[in-house]
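Under the working numbering, residues 9 to 321 are what the sequence shown spells out, in order.
No wet-lab data here; the hints were simulated from the structure. Hints are not guaranteed to be accurate.
[As the list claims (entries may be wrong)] 30 Å max Cα-Cα, derived DSSO-like pairs, lysine-lysine: (1) Lys-234 with Lys-103; (2) Lys-321 with Lys-103; (3) Lys-200 with Lys-64; (4) Lys-321 with Lys-64.
[Said to hold, decoys possible] Ranges of calculated distance between the beta carbons of each label pair, as one might list FRET restraints: (5) Met-208 with Ile-149: 19 to 29 Å; (6) His-70 with Val-233: 25 to 35 Å; (7) Lys-321 with Tyr-207: 51 to 61 Å; (8) Thr-105 with Leu-145: 52 to 62 Å; (9) Lys-103 with Lys-200: 15 to 25 Å; (10) Arg-316 with Cys-203: 54 to 64 Å; (11) Val-65 with Tyr-214: 39 to 49 Å.
Keep in mind it's a predicted model, so treat the numbers as computed, not measured. Don't be surprised by glycine CBs; every beta carbon is placed ideally from N, CA and C.
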Amino acid sequence: MELMGQKDQGNLTTLLEFLLLGFSDVPDLQGFLFWIFLIIYMIILIGNNLIIIITKVDTSLHTPMYFFLRNFSCLEICYVSVTIPRLLADLWRQKRTISFLGCATQMYFFLIFGATECFILTAMAYDRYVAICNPLLYSLIMNTQLCTQLAAGCWISGIPVHIESIHLIFSLPFCGSHQLDHFFCDIFPVLKLACEDTYMIEMLIYVITVLVVPIPFMLILGSYVKIISTILKLPSATGRAKAFSTCSSHLMVVALFFGSATITYMRPKSSQSERMDKFLSLFYTIVAPMFNPIIYCLRNKDVMVALRKFLSK
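Model the full structure from these sequences, guided by the hints.
Encoded structure:
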């Protein structure tokens, strides 16, 4: 199999393809993993498409909260579709090569949608903050124009964030092994194959990660400190319970996504291992997106009522 073309620089080679090892270390489980991941992918697609449909057709859900939830569900479909179809194809056909350009494209869109998810979750937290802390001004502040601008900003802001880092990563010379010990083209597994010092690129990645992960998380945390403080001051126990219920789903999704992303991209390089990286990547690329529509449906009475009405028709 010809995977490399020789350069005139000693032992350096120009990689034309990477070999995604994926789960080749457990060959007896390839078929089982294929069906498990296929079922999870179908759950994600069906669950998020149902949320998109019912929040669109049910007029009682035409509020800023469900507008952002609809955007979040669209994003989840895009996010998982960057990695899972490729993983399923590799498990099915046992051909794990991915072109150099294909690897760069997959990494770029994965990072874009990951950044967009951080921003959308932050916008959703701001919506809950205004709804609970400024209820009398909610409809005035969260008007259609602002919601559209926030959503558009979340989708667009992720596009330029990673252009420079992707360019620098795939401008590196790669030498020796072309085997990528991962199931998709993630940053650090690719950097391990480079034959130049990657310290500056890693520092750039950490800076971008701080901008995209901890800062939005701190904004969300600050919003919920204000929200919880306001809820605890409500005189009615029923009012407090209702306010908590509208926030609990979002909090659970935030904890799942930001927790796994922070551990993966912010932990020291010395503590990283291929097996742990794969496990964490599985969690935030496949497992967490599977739970998101379940969390938002089962823990939201309005969505469940709208879902029953939709299914009954």
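A quick look at each hint next to the structure:
no.: 1; hint: Lys-234 with Lys-103; verdict: violated (52 Å)
no.: 2; hint: Lys-321 with Lys-103; verdict: violated (44 Å)
no.: 3; hint: Lys-200 with Lys-64; verdict: violated (45 Å)
no.: 4; hint: Lys-321 with Lys-64; verdict: holds (15 Å)
no.: 5; hint: Met-208 with Ile-149: 19 to 29 Å; verdict: violated (42 Å)
no.: 6; hint: His-70 with Val-233: 25 to 35 Å; verdict: holds (29 Å)
no.: 7; hint: Lys-321 with Tyr-207: 51 to 61 Å; verdict: holds (59 Å)
no.: 8; hint: Thr-105 with Leu-145: 52 to 62 Å; verdict: holds (56 Å)
no.: 9; hint: Lys-103 with Lys-200: 15 to 25 Å; verdict: holds (22 Å)
no.: 10; hint: Arg-316 with Cys-203: 54 to 64 Å; verdict: holds (59 Å)
no.: 11; hint: Val-65 with Tyr-214: 39 to 49 Å; verdict: holds (44 Å)
Hints 1, 2, 3 and 5 from the earlier list are contradicted by this structure; the remaining hints agree with it.
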